[in-house]
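Asker: Each chain is listed here by its residues.
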Amino acid sequence: MYRSMTSRRVRNYVMVIVMVAVSFLYVTPLISIIYTAVERGGAVLVEAGLRFLADLPPTPLSTSVGGIAPALIGSLLASALAILITIPIAFLMAFYVTEFPRHPLSRVCEVVVRAFSGVPSIVVSMFIYSTVVMSMGTQSLLAGSLALAIVTLPYTYVYFTSAFRSIPESLREAAMSLGMSRVGALIHVYVGVLRRSLLTGLLMSYVRAFGDTAPLLFTMGFLMNAVFAGVLQQSNAVPLMIFVYALSPYENFHRVAWGATLVLLIIYLALFTVSRVLVRGVKL
Amino acid sequence: MSLYAVEVEDLHLRIKGVEILRGVTLRVRRNTLFVLMGPSGSGKSTFLRTLNRLIDFVDGVELSGLVKVLGQDIYSVDPYDLRRRVVLVSQEPNPFPHMTIYDNVALPARLNKIVRTKRELDDLVRWALEKVMLWEEVKDRLKSYPHALSGGQRQRLCLARALAAKPEILLLDEPTANIDPVNTIKIEESLKSLRDEVTVIMVTHMPHQAVRVADHVALLHSGVIVEEGPAMEVFMSPKKEVTNEFLRGAL
Amino acid sequence: MFFSKSDKLLFYSTLPLIVGVLGILLILSYMILSQSWPSFQRFGFAVLTTSAWSPSDDPQREFYGLAAPIASSLYVSILSVLVSVPISICLTLTLIEILPKYLGAPLRYVTEVMGGLPTVIYGLWGSTTLAPFLRDQVMKPLHDYLGFIPLFSCRPLTGHSMLAASITLAVATTPYVTALLIEGYYLIPSKYKEGAYSLGATDYEAYKIMMGILKPYVIAASLLGFSRALSETTIVALTVGNSMKLSLCLFDPAYTIPSLIANQFESARLYEYALPTLFAGALILLLISLAASYAGIRLVYGWRERIHV
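Protein chains in written order, with our numbering: chain H, 1 to 284; chain R, 1001 to 1251; chain B, 2001 to 2309.
If you're looking for bench data, these hints aren't it; they were derived computationally from the structure. We put the beta carbon where it would ideally sit given N, CA and C, even for glycine. Please note that the accuracy of each hint is not assured.
[Stated by the list, open to error] If you want a taste of the chain B side facing chain R, the calculated C-beta under 8 Å gives, among others:
| no. | residue |
| --- | --- |
| 1 | Ser2198 |
| 2 | Leu2287 |
| 3 | Ala2291 |
[Claimed, not checked] In silico SDA-like cross-links for lysine to any residue, where the CA-CA straight-line distance does not exceed 20 Å:
| no. | chain 1 | residue 1 | chain 2 | residue 2 |
| --- | --- | --- | --- | --- |
| 4 | B | Lys2191 | R | Glu1092 |
| 5 | B | Lys2101 | R | Asp1103 |
| 6 | B | Lys2008 | H | Ile187 |
| 7 | B | Lys2245 | R | Ala1148 |
| 8 | B | Lys2208 | B | Ile2219 |
| 9 | R | Lys1143 | B | Lys2215 |
| 10 | R | Lys1113 | H | Ile31 |
| 11 | B | Lys2191 | R | Asp1059 |
| 12 | B | Lys2005 | H | Arg9 |
| 13 | B | Lys2208 | R | Asp1103 |
| 14 | B | Lys2191 | R | Ile1055 |
| 15 | B | Lys2191 | R | Lys1113 |
| 16 | B | Lys2191 | R | Ala1148 |
| 17 | B | Lys2193 | R | Tyr1080 |
[Stated by the list, open to error] Sample of chain H residues with no beta-carbon within 12 Å of chain R, all distances over it, derived:
| no. | residue |
| --- | --- |
| 18 | Met5 |
| 19 | Leu25 |
| 20 | Thr36 |
| 21 | Glu39 |
| 22 | Leu76 |
| 23 | Val108 |
| 24 | Ser162 |
| 25 | Glu173 |
| 26 | Val189 |
| 27 | Arg196 |
| 28 | Leu203 |
| 29 | Glu251 |
| 30 | Arg255 |
Chain H on its own, in the form it takes in the complex:
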């Protein structure tokens, strides 16, 4: 009368094994990426040593790999500048929306930020090009930072809203019943309670900005003959350099790209791990 339990169980085991296998198979690209980056980039780093971080990029046909100093400096500064713009905006908007979720302005805010996350980053790059770059007459670190800021904003916002939403209702009530205003509660209670997750949000936004390429394509410029030329002048970025060099036909540039990839990978993994350790400390 009943379908045999055996056939159902066999099917169950097969499917469960398939799902687990697919899941583990999925992470093999990361292993391959790390392996390739260490193999190819490692050779470059060993050859160039620490000078790789401090030297100027090579000419296409030179035999030495030179270094990625302009890109490294550009990335560090532009990402910092970008989150300096994004963090306060995202922080205030996130706080506002979680405190007054039913206010019409909050709805507008939600919709606008969501819409931002749907804007392709290359479109942002074109937008900054046709406004900032055109009016300044040159690509610049500032223009690159602005593009990064726009792209990072929805990401930072989502991070902060989920941090604010994680405040237990009891804590909110306690703050309110002590007669605090919302801003008072924010300053005296929430920031203290959420300091780790806010710091993580900050760090993750920085990592995000540091690794992004497309927003910088038409905005940042491609500085090669100096380490740093000023905020209003052309600069460079590590991901941008990897992208441009990978598309170039020169073998020497490919080597630089791999060296830069290994550097980027190490920076990324380090910052990511730090932010995860911070999150783990959060207990509410």
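Please arrange chains R and B on chain H, whose structure you already have, making use of the hints.
Answerer: Positioned in the frame of chain H, the structure of chains R and B alone reads:
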């Protein structure tokens, strides 16, 4: 075949170190309507979920003692097979929101291939819905989704879905806790009409519900069975002071 | 709701921010539209229905059509969603239901690492490792044995192709789709899981029921993943082969709109209608991407409200 649907001996159960059941011993005869009463937090739901091993999904469970269901130790049989024969209806109505009313009731028959033809399936669905007195209310909208039903109707739908699995034992976890009186009466009527076909074990914290439906009752208090026996005996002349207090609503 | 004095301050300091951010969005849309206008004026709808990229110093002889990049963009993105969504479903169930914590936690960590990995690293890896691997292990055998199917009919050359781009994109977007699905899965009330198991369902049957409940969310996650794949520039530009070609064959190189823009932007500045045409492409990209994200987000919100009844 064993005379008893359920035989439990000295069942101890801890969840994450907290003792929920402290030596439960209980027998339930086949084809009776057995009501397990007890105040909230007495361990009734946990006990019910042990019988068909839904407890397996809870983290940190330690269990000792003997639990035999339908004559076999529950840890010697396949849990999925066990749950097919010992079906539980939860306190919260949980008809699957993505399936139509018809598909909800038909699901267990489809999983278990209980029926061979579409015709038989239609008959089974109709039989189950009639058993819970829902057929007249939904026969014209079998293809609509359960969110169109009221809470009480949804709970009866879940009961119909459970019946369509053709269980040997039906476990009910406070099925009328969140439901209006009219639907409660209908569910109780359906249960009474089932007595000869299936063993029903119902958990409730409301003594008057036990009075209305039970053949046999037991009182679980602080993880042990305080008193059990034929419903009439227990209600008319409880032997323990605790039982008296519970029936008066003082617990 | 009550407003104290300092709350008013909060309100008045947030107001210009929100207006400002909204303003940027409006200016952005306006800029893209106005910059692309000359192209629409000159070519009309032909810019969307023909395929050509012939710049010329004489503006009268310039001719551009974006049909091929638009079609390839959709093709590559849909393909990547078809790969990433099933993987994400497996990952979701594996991480939440199947694996014990001590195995699930590290796997989860690894997928999160992959979710934030800079896209240029995926691009470089896809271009130098995955594409040659796919060419030798997948494309050539498929072409040799199943070449009569249009999808496999062209001879793979460098490996840089729509297939390589889709798979690299799928690898890069899977963590995002998975994160969405995990978020949705946790929102399903536990009573449904109990319901499935208490009818005697096996694990796999219970997972199927849970995924059925989650279906609107899965569609939403697919739309959001699609939007992400569609907008992705770096990965595609490095793996898709960059060629102005309209083809069904998976092994052919192509341009997507973002990769066309990335490749042609510098030189397009030299011609009168090339840059406006790229902006026209950006406009189309923006519209499709916004529409897909909007639909996805609507579905997510609708489902969240319905599931808690």
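Asker: Sort out which numbered hints this structure fails and list those numbers smallest first.
Answerer: Failing hints, ascending: 2, 3, 5, 7, 10, 12, 15, 18.
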